[in-house]
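Engineer: One-letter residues, chain by chain:
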Amino acid sequence: MREKFVSITTVGVPLDRGNVDTDAIIPARYLKTVKRTGLGEGLFFAWRYDADGSARADFPLNRPEYRGGRALVAGENFGCGSSREHAVWALMDFGFRAVVAPSYSDIFRNNCLKNGMLPVALKAPEVRVLMDALLAAPGSEIAIDLPEQSVTGPGGISCRFEIDPFAKSCLLEGRDEIALTLTYGAEIARYERERKQVTPWLFRDVPE
Amino acid sequence: MATMFSKIWDRHLVTERDDGNVLLYIDRHLVHEVTSPQAFEGLVLAGRSVRRTGAMLAVQDHNVPTTPDRSTRIDDRESREQIRTLRENALGAGITLFDIDDPRQGIVHIIGPESGLAQPGITIVCGDSHTGTLGAFGAIAFGIGTSEVEHVLATQTLWQRKPLQMRVVVSGALAPFVTPKDIILAVIAKIGAAGGTGHAVEFAGDTIRRMSMEGRMTICNMTIEAGARFGLIAPDEVTYAYVKGRPLAPGPEHEAAAIAYWEGLPSDPGAGWDREEALSADALEPHVTWGTSPQDALPVGGRVPDPEAQPDPKERARMLRALEYMGLAAGTKLTDIPVDKVFIGSCTNGRIEDLRAAAQVARGKRVAKGVTALVVPGSGLVRKQAEAEGLDRVFLEAGFEWRLPGCSMCLGMNPDKLKAGERCASTSNRNFEGRQGPGGRTHLMSPQMAAAAAVTGRIADVREVAR
Numbered sequence: 001m002r003e004k005f006v007s008i009t010t011v012g013v014p015l016d017r018g019n020v021d022t023d024a025i026i027p028a029r030y031l032k033t034v035k036r037t038g039l040g041e042g043l044f045f046a047w048r049y050d051a052d053g054s055a056r057a058d059f060p061l062n063r064p065e066y067r068g069g070r071a072l073v074a075g076e077n078f079g080c081g082s083s084r085e086h087a088v089w090a091l092m093d094f095g096f097r098a099v100v101a102p103s104y105s106d107i108f109r110n111n112c113l114k115n116g117m118l119p120v121a122l123k124a125p126e127v128r129v130l131m132d133a134l135l136a137a138p139g140s141e142i143a144i145d146l147p148e149q150s151v152t153g154p155g156g157i158s159c160r161f162e163i164d165p166f167a168k169s170c171l172l173e174g175r176d177e178i179a180l181t182l183t184y185g186a187e188i189a190r191y192e193r194e195r196k197q198v199t200p201w202l203f204r205d206v207p208e
Numbered sequence: 209m210a211t212m213f214s215k216i217w218d219r220h221l222v223t224e225r226d227d228g229n230v231l232l233y234i235d236r237h238l239v240h241e242v243t244s245p246q247a248f249e250g251l252v253l254a255g256r257s258v259r260r261t262g263a264m265l266a267v268q269d270h271n272v273p274t275t276p277d278r279s280t281r282i283d284d285r286e287s288r289e290q291i292r293t294l295r296e297n298a299l300g301a302g303i304t305l306f307d308i309d310d311p312r313q314g315i316v317h318i319i320g321p322e323s324g325l326a327q328p329g330i331t332i333v334c335g336d337s338h339t340g341t342l343g344a345f346g347a348i349a350f351g352i353g354t355s356e357v358e359h360v361l362a363t364q365t366l367w368q369r370k371p372l373q374m375r376v377v378v379s380g381a382l383a384p385f386v387t388p389k390d391i392i393l394a395v396i397a398k399i400g401a402a403g404g405t406g407h408a409v410e411f412a413g414d415t416i417r418r419m420s421m422e423g424r425m426t427i428c429n430m431t432i433e434a435g436a437r438f439g440l441i442a443p444d445e446v447t448y449a450y451v452k453g454r455p456l457a458p459g460p461e462h463e464a465a466a467i468a469y470w471e472g473l474p475s476d477p478g479a480g481w482d483r484e485e486a487l488s489a490d491a492l493e494p495h496v497t498w499g500t501s502p503q504d505a506l507p508v509g510g511r512v513p514d515p516e517a518q519p520d521p522k523e524r525a526r527m528l529r530a531l532e533y534m535g536l537a538a539g540t541k542l543t544d545i546p547v548d549k550v551f552i553g554s555c556t557n558g559r560i561e562d563l564r565a566a567a568q569v570a571r572g573k574r575v576a577k578g579v580t581a582l583v584v585p586g587s588g589l590v591r592k593q594a595e596a597e598g599l600d601r602v603f604l605e606a607g608f609e610w611r612l613p614g615c616s617m618c619l620g621m622n623p624d625k626l627k628a629g630e631r632c633a634s635t636s637n638r639n640f641e642g643r644q645g646p647g648g649r650t651h652l653m654s655p656q657m658a659a660a661a662a663v664t665g666r667i668a669d670v671r672e673v674a675r
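These protein sequences, in sequence, are chains A and B. Just so you know, we're using this note's numbering here: the first sequence kicks off at 1 and counts up by one. Just so you know, we're using this note's numbering here: the second sequence kicks off at 209 and counts up by one.
Don't take every hint at face value.
To be verified - Think about it this way: if two alpha-carbon atoms lie no more than 27 Å apart in a straight line, the pair counts; the simulated BS3-like pairs of lysine-lysine are:
hint	chain 1	residue 1	chain 2	residue 2
1	B	K577	B	K522
2	B	K215	A	K196
3	B	K215	B	K370
4	B	K541	B	K577
5	B	K573	B	K625
6	B	K398	B	K627
7	A	K4	A	K35
8	B	K592	B	K625
9	A	K123	A	K168
10	B	K215	B	K522
11	B	K592	B	K452
12	B	K370	A	K168
13	B	K398	B	K370
14	A	K123	B	K452
15	B	K541	B	K522
16	B	K398	A	K123
17	B	K625	A	K35
18	A	K123	B	K370
19	B	K541	B	K573
20	B	K370	A	K196
21	B	K541	B	K627
22	A	K123	A	K4
23	B	K627	B	K592
24	B	K452	A	K196
25	B	K452	A	K4
26	B	K592	B	K573
Claimed, not checked - From the structure, some residues in chain A lie toward chain B, with a derived Cβ separation under 8 Å:
hint	residue
27	A46
28	N77
29	S83
30	R84
31	N110
32	N111
33	L146
34	Y184
35	V206
36	P207
What the hints assert, rightly or not - Non-contacting residues of chain A with respect to chain B, defined by C-beta distances greater than 12 Å in every case (computed):
hint	residue
37	V11
38	P27
39	T33
40	S103
None of these hints come from the bench; they were simulated from the model. Nothing here was measured: the structure is a model prediction, and the numbers come from that model. Backbone N, C-alpha and C fix where the C-beta goes; we use that ideal spot for every residue, glycine too.
With the hints as constraints, model all of the structure from the sequences given.
Structural biologist: The following block contains the structure:
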């Protein structure tokens with residue numbers, strides 16, 4: 001991980017859809033890059049633009065009231081489907097630092113955490129209230145506080161969320177997870193030595 | 209009293225934290241060109257190297273054209289660049305690559321089993337959500353993101369939390385022309401696209417026990433479409449026979465020990481499950497999807513559902529949106545829906561058994577006028593086997609195109625794509641908006657059903673077409 005996440009206060013951008021899949025977040029043709037940057041251009045491409053390339057005025061990301069918002073509020077099972085981490089890179093490249101939704105696909109949630117992006121899981125009725133408030137008063141701000149594990153929004157909305165303590169500390173510190181794991185080098189080597197005795201056939205090299 | 213997943217999990221713990229996160233050892237790692245470039249770049253930038261190159265196998269599959277001139281000509285500059293980047297990264301690190309002109313090249317989840325890399329009792333990952341396919345061998349196989357790919361390259365491990373345990377018991381005999389694809393579509397329709405989130409799903413029951421490895425892989429492949437990263441099936445004689453003799457199989461010197469080890473893997477009779485589901489295969493019918501989520505599957509005799517009959521307003525809105533995207537009216541008979549394209553292939557249904565089944569339906573018939581039908585073998589070895597059996601002739605004589613291996617029309621990353629508004633009968637795994645190309649419309653089904661759609665020009669009940 002390279003980026004820390006502590007807290008943000010920002011315009012909440014409502015995307016009132018469930019089961020938003022990663023093909024919708026970033027279409028496959030944008031996956032041909034060998035870089036992590038520049039993917040914001042393709043974010044929600046098919047929903048942001050008409051077939052003729054003009055921006056759809058009613059799509060939240062195109063509405064001026066929501067411009068600059070760094071927290072996306074969406075429906076359940078956000079980020080389902082393909083494992084493409086490009087979905088997280090695209091959201092971040094566009095400016096998002098957090099998503100608030102009732103639930104996430106397992107792979108998407110992991111991908112967020114590895115990049116310093118916070119996937120906040122609130123209860124479905126809490127997300128509904130927040131979504132309705134952001135739709136009713138476009139441009140309203142929400143505040144996400146990771147140390148406190150809280151989300152506050154327009155009209156006095158206030159909710160707490162759960163997060164794995166390890167994931168939380170990694171986000172707060174912007175920890176390089178590989179560097180941490182490499183400190184377990186001796187344990188990994190010992191594991192390999194022991195398993196070579198039990199299942200030696202698993203240590204054959206893949207032939208050319 | 210442990211599940212198979214727990215047994216494999218426990219044997220791969222390098223260390224455990226108090227908060228429940230474990231450092232899991234990864235035995236095998238498959239690498240493809242789309243989700244790995246940034247991982248290799250990350251390693252270089254941090255001055256790190258690949259820990260165990262011999263644990264890995266790399267292949268280009270997502271971007272590759274499936275036409276004969278692909279070794280010399282790839283028109284798309286970015287695709288060419290991504291294919292070249294994997295070649296350079298694999299060569300630089302010393303990782304075996306099945307390059308674009310290698311006779312063993314193919315879809316990553318198909319070449320893994322073919323090489324013998326997929327085995328019971330192992331942990332195996334790939335930067336691809338359909339990695340669960342390999343759980344069919346009785347393995348913990350799962351898809352990961354690119355940061356995790358980099359983590360495995362550098363450390364041969366991953367930090368993970370143990371998922372909940374679900375079992376799906378499938379019992380009874382499948383009727384003719386009803387397939388493993390129909391089983392998994394029915395399971396997804398039953399538990400929903402997020403029904404398996406946070407779970408590892410073991411498929412059990414007599415229907416599964418009688419199934420070939422190809423069928424088992426089809427089922428585990430689509431477990432992710434129910435939200436579960438892991439699908440598993442206990443190994444048995446069918447599994448051992450499939451693995452035996454492959455390049456990475458344990459070999460004569462270890463075979464007895466390996467089988468003894470594998471026999472201890474299946475879930476104990478008293479193992480505890482967090483959730484259990486059951487499905488009867490007896491009355492199961494061929495399934496087709498009508499919407500834009502894999503959970504939108506119905507028996508082929510059905511009609512496009514009416515959103516107005518849906519009491520939940522959120523689900524009603526989703527259905528309305530799906531029907532609008534799909535260009536379908538509620539109440540339409542599924543078998544009255546015409547198709548423009550047919551795609552037989554993918555990591556879900558691109559194995560030899562799938563091609564045999566499709567050829568059986570296509571034999572002696574003609575692809576309907578105005579329909580383009582592609583048959584894309586999942587690997588070079590599948591293609592060679594199919595040609596040895598004369599399946600290529602069956603398809604070509606019926607008017608299908610016979611292509612080179614790759615992910616092809618499963619996703620819009622290579623020249624095989626739908627145009628906006630085109631409708632496809634597809635053996636792949638996802639019917640999301642734009643999945644097969646911007647504006648394209650996907651109906652998921654089995655290879656038999658796709659062949660029936662090709663020869664009738666519409667979604668058809670294969671049982672009537674083949675009669």
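Engineer: Each hint: holds or not?
Structural biologist: Each hint tested on the structure:
1. K577/B - K522/B: violated, 40 Å
2. K215/B - K196/A: holds, 18 Å
3. K215/B - K370/B: This hinted pair holds, its Cα atoms lying about 12 Å apart.
4. K541/B - K577/B: Holds, because 21 Å separates the two Cα atoms, which is no more than 27 Å.
5. K573/B - K625/B: holds, 25 Å
6. K398/B - K627/B: violated, 31 Å
7. K4/A - K35/A: holds, 21 Å
8. K592/B - K625/B: Holds - the C-alpha atoms of K625/B and K592/B are around 25 Å apart, at most 27 Å.
9. K123/A - K168/A: Within the cut-off at roughly 19 Å; holds.
10. K215/B - K522/B: Status violated; Cα separation ~40 Å.
11. K592/B - K452/B: Holds, at about 20 Å.
12. K370/B - K168/A: holds, 18 Å
13. K398/B - K370/B: holds, 24 Å
14. K123/A - K452/B: violated, 49 Å
15. K541/B - K522/B: holds, 24 Å
16. K398/B - K123/A: holds, 23 Å
17. K625/B - K35/A: holds, 24 Å
18. K123/A - K370/B: holds, 22 Å
19. K541/B - K573/B: Satisfied, since the Cα-Cα distance of roughly 24 Å is no more than 27 Å.
20. K370/B - K196/A: Given that 27 Å is the threshold and the Cα spacing comes to 24 Å, the pair holds.
21. K541/B - K627/B: Since the Cα atoms of K541/B and K627/B sit roughly 24 Å apart, the hinted pair holds (cutoff 27 Å).
22. K123/A - K4/A: Measuring from Cα to Cα gives roughly 25 Å; hence the hint holds.
23. K627/B - K592/B: violated, 30 Å
24. K452/B - K196/A: holds, 20 Å
25. K452/B - K4/A: violated, 48 Å
26. K592/B - K573/B: holds, 23 Å
27. A46: holds, 5 Å
28. N77: holds, 4 Å
29. S83: holds, 4 Å
30. R84: holds, 7 Å
31. N110: OK, holds: N110/A within 8 Å of chain B, min 6 Å.
32. N111: holds, 4 Å
33. L146: Because about 16 Å separates L146/A from the closest Cβ in chain B, which is outside the 8 Å limit, the hint is violated.
34. Y184: holds, 6 Å
35. V206: holds, 5 Å
36. P207: holds, 6 Å
37. V11: The claim holds: V11/A sits with its nearest Cβ about 24 Å from chain B, beyond 12 Å.
38. P27: violated, 6 Å
39. T33: violated, 7 Å
40. S103: Per Cβ check, S103/A is inside 12 Å of chain B; nearest 6 Å; violated.
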